[in-house]
Amino acid sequence: MIIRVLTEGQYRVEGEALNELDRLDNHLLDAISNNDEEGFNRYFREVLALIRGHGKKVPDTELIESDLILPAPDTTLAEARELFASYPRDLLQD
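Take the numbering used here: the last position of the sequence shown gets the number 164, and nothing is skipped along the way.
Any given hint might turn out to be false.
[What the hints assert, rightly or not] Quick list of simulated restraints, FRET-style, between CB atoms:
#  : residue 1 : residue 2 : range
1  : A148      : E84       : 30 to 36 Å
2  : T131      : R151      : 18 to 24 Å
3  : A87       : R112      : 15 to 21 Å
4  : R112      : E152      : 18 to 24 Å
5  : E152      : T131      : 17 to 23 Å
6  : N105      : P129      : 37 to 43 Å
7  : E108      : D130      : 20 to 26 Å
8  : D130      : N105      : 17 to 23 Å
9  : E152      : I72       : 34 to 40 Å
10 : L153      : T131      : 17 to 23 Å
11 : D130      : D100      : 16 to 22 Å
Since the hints were derived computationally from the structure, they do not count as laboratory data.
In this text, a Cβ means the ideal position worked out from N, Cα and C, and glycines have one as well.
Please model the complete structure; the sequences and the hints are all you need to start from.
If you want it as C-alpha cells, here you go:
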C-alpha cells in the first residue's frame with residue numbers, strides 16, 4: 071500500500087505492518103468520533119511512527135498513485151474531524 075503523509079511524501083507499507091496500521095487506524099477513528107483529543111494525538115503519532123518505521127520511503131522522483139493520504143503531522147483534532155469525515159473504516163479490503 072502506498073501511503074502519502076502530507077508535507078513528508080510517500081511510503082510503501084506492506085505485510086504485517088498493514089494489519090497493525092489498520093488496528094491503530096481504527097483507534098484513531100474512534101478517538102476522532104469521540105472528540106478525544108488525547109486519544110487522537112496518541113494514535114495519530116503511533117500511526118505516523120508505524121508508517122515511518124516500517125514503511126519504505128518512495129523517492130520523490132517516482133510518480134505513484136497513493137492508496138491512502140494522511141494529513142500533515144501537525145493536524146489538530148478539529149481539522150481531523152473534517153478531513154476524516156469520509157475516511158474508510160477498514161483500510162484492508164478482502
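We went through each hint and held it up to the structure:
1. A148 <-> E84: 30 to 36 Å: 33 Å, holds
2. T131 <-> R151: 18 to 24 Å: 35 Å, violated
3. A87 <-> R112: 15 to 21 Å: Given a distance of about 19 Å, which is inside 15 to 21 Å, the answer is holds.
4. R112 <-> E152: 18 to 24 Å: Check passed, 20 Å falls within 18 to 24 Å.
5. E152 <-> T131: 17 to 23 Å: 32 Å, violated
6. N105 <-> P129: 37 to 43 Å: Distance hint for N105, P129 holds at roughly 38 Å.
7. E108 <-> D130: 20 to 26 Å: Distance hint for E108, D130 is violated at roughly 34 Å.
8. D130 <-> N105: 17 to 23 Å: Roughly 36 Å apart at Cβ, these two residues miss the hinted range, so it is violated.
9. E152 <-> I72: 34 to 40 Å: Distance hint for E152, I72 is violated at roughly 24 Å.
10. L153 <-> T131: 17 to 23 Å: 28 Å, violated
11. D130 <-> D100: 16 to 22 Å: Given a distance of about 33 Å, which is not inside 16 to 22 Å, the answer is violated.
Hints 2, 5, 7, 8, 9, 10 and 11, counting from the list given before, are not met by this structure.
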